[in-house]
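Assemble chain B onto chain A, guided by the hints.
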Amino acid sequence: MSAVAPATSAVLSVRGACKRFGAVTALDDVDFDVRRGEVVALLGDNGAGKSTLIKCLNGVHRLDSGVIEMDGAPVTIHAPADARALGVETVYQDLALFDNLRPTDNFFSGRELAGPDWLPRSMRLLKRKRMLDATQEVLARLQVTLPDLNSMVGLMSGGQRQAIAVSRAAAFASKVVILDEPTAALGVRESRNVLDLILRLRGENMGVVVVSHAMDHVMEVADRAVVMKRGRNVGELIPSAETYQQIVSLIVGGAE
Amino acid sequence: MAAERGPLRLDRYRLLQLALLAMRAGPALILLLLIIIVSLTTPVFFTGRNIGNVFSQTSVIALLALGQLLVIITRGIDLSVGSTIALSGVLGAIVYGHTSSSVVVITVIIGTGVAVGLVNGLVFVYGRVPHAFIVTLATLSIVRGMALWAGNGTLVFGVPASIQTIGGSTLSTGGSTLDWIPYSIFVVAALALACLLLTTRMVWGRWLYMVGGNPEAARRAGVPTRRVLVTVYALSGLAAGIAGLITAGLINGGSPTAGDLSELDSIAAVIIGGAAFAGGRGNVGNALVGAFTIGVIRNALNLHNVDPFYQLMAIGIVVLLAVEADVIRGHIEGRVRVAQAVRQA
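One line per chain: the protein sequences are A and B, in this order.
In this text, residue positions in the first sequence follow our numbering: the first is 15, and each later residue adds one.
In this text, residue positions in the second sequence follow our numbering: the first is 41, and each later residue adds one.
Isolated chain A (complex conformation):
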């Protein structure tokens, strides 16, 4: 369709992705790539298939047909745990945080560091110091400042909570971080912080996929914009002042 960077060294790629829900075709032969150190914006109107696509990439849904490859090798992702084990982390729009727990507990939710190994997992003793140290290290690396690591996440602002969710993903992702509407619920300043955080993930050579409606945010951080419509990939563009109108018309459907 449009000018697209060559598909070299994609860390995560999908070929011919198809997914149907009953009579509804949610994904219709979609190709999609993300490279290391690249921010890809996934754009499209409601029902365009963005959410379905990322849910197939992170194991919430299973593709009816199509191939997912990581670093060029085909992989099977049938459950969120598969995706996580492959180094793909997702930040959901609802953040999936535990408001009643502290940042560290949230970081290690479901993957607590504990021992000894001969005990059943649920009975193991938590390595609390190690988890706290690791959390502080990641937060420092991503330049996220929190008021108090001892207070529960429910007492923090929307931006801080978003930062915790993104940092948690970054801490465990070795390859790709997927963010669903990361700035949807935030004010101007807090959005700014999250965008900076996204750029830092890119700086760490991570592949970043951002699903967003906020065009100006996309223009700011994305290296590439992929537009979906009715379950198809209808265009890929490099976001810039010149292509802004083109992207918008792809989304609303004028250019088809």
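Hints were generated in silico from the structure; no laboratory data involved.
All C-beta atoms, glycine included, are put in the ideal place defined by N, C-alpha and C.
Honestly, I wouldn't trust all of these hints.
As the list claims (entries may be wrong) - To give an idea of the chain A side of the interface with chain B (calculated C-beta under 7 Å), a few residues:
hint: 1; residue: A95
hint: 2; residue: A110
hint: 3; residue: N114
hint: 4; residue: L115
hint: 5; residue: S123
hint: 6; residue: A128
hint: 7; residue: R135
hint: 8; residue: S136
hint: 9; residue: M137
hint: 10; residue: L139
hint: 11; residue: L140
hint: 12; residue: S171
Okay, now just chain B, sitting in the frame of chain A:
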């Protein structure tokens, strides 16, 4: 990034933080205040004998509260624990009629509790019942009926001496200064320590709070939420079984009417201890504080020869105050979030 402020100026955020801190310490402070007032107005209160009474009368509530705490952290409720006290005691006493082995009797009593709890948990989780209230309301009735049926409506006399000692005796140190301490309080302490270990040091405890705080996110994070819930009700049953053991020892037999309404005491204790009915909140120490608050109020009113009707009312009022405090806490927390966002900007 916080804006410059005078070093001595208490900003809104700090004030709110202080308020939250005060609320966290609230239950313990109230108990302390209560104890001071009672001991000033009633000199008898601080005699070893009376404190022993308080311990002994509170141990059943405290045991039930420990189990109820786990349940309430997961947004649930266990109404069947009072009936479980009755059934476990009656079955224990019946079995004692056929064997003299106290190990067997103790196993039957505690096993009955675990069995009732497992049924609660399995029916709630795998029967996909919307809330545990319904399930445990049903078992409250069923289990009480079973106790009355098994005991033919009356006390089944006799349990092994060991159980009588655990449930009804104090330390026999030959007239030393500690002989007012009832054995049952050590049972409470042991279960409390186990619960503390479970909730604060083990992976399972994190899962517990995750399931209570955000069940959907817990599931997505790979927590075996169903298994956690079943275990929670089994543990509440275990606590009820142990409470049944203490009760059976105290009355030297199994009474089908024992434990009547004590499920409400246990819920009151947990709520007075600052746990949120909405789930995710509460800890072992505060649940014990809640249990002892009820125990001390009862004891004080007894010492003053106040009619038991007033005791019921007094405890009801304390529960209302605790629930209101939870509402206010939620309010303050909302303002902390806002203050936090303002501070950042």
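A quick look at each hint next to the structure:
1. A95: At 6 Å from the nearest chain B Cβ, A95(A) passes the 7 Å test, so the hint holds.
2. A110: holds (4 Å)
3. N114: holds (4 Å)
4. L115: holds (6 Å)
5. S123: holds (5 Å)
6. A128: holds (5 Å)
7. R135: Constraint on R135(A) satisfied, holds at 6 Å.
8. S136: holds (4 Å)
9. M137: holds (6 Å)
10. L139: holds (5 Å)
11. L140: holds (6 Å)
12. S171: holds (4 Å)
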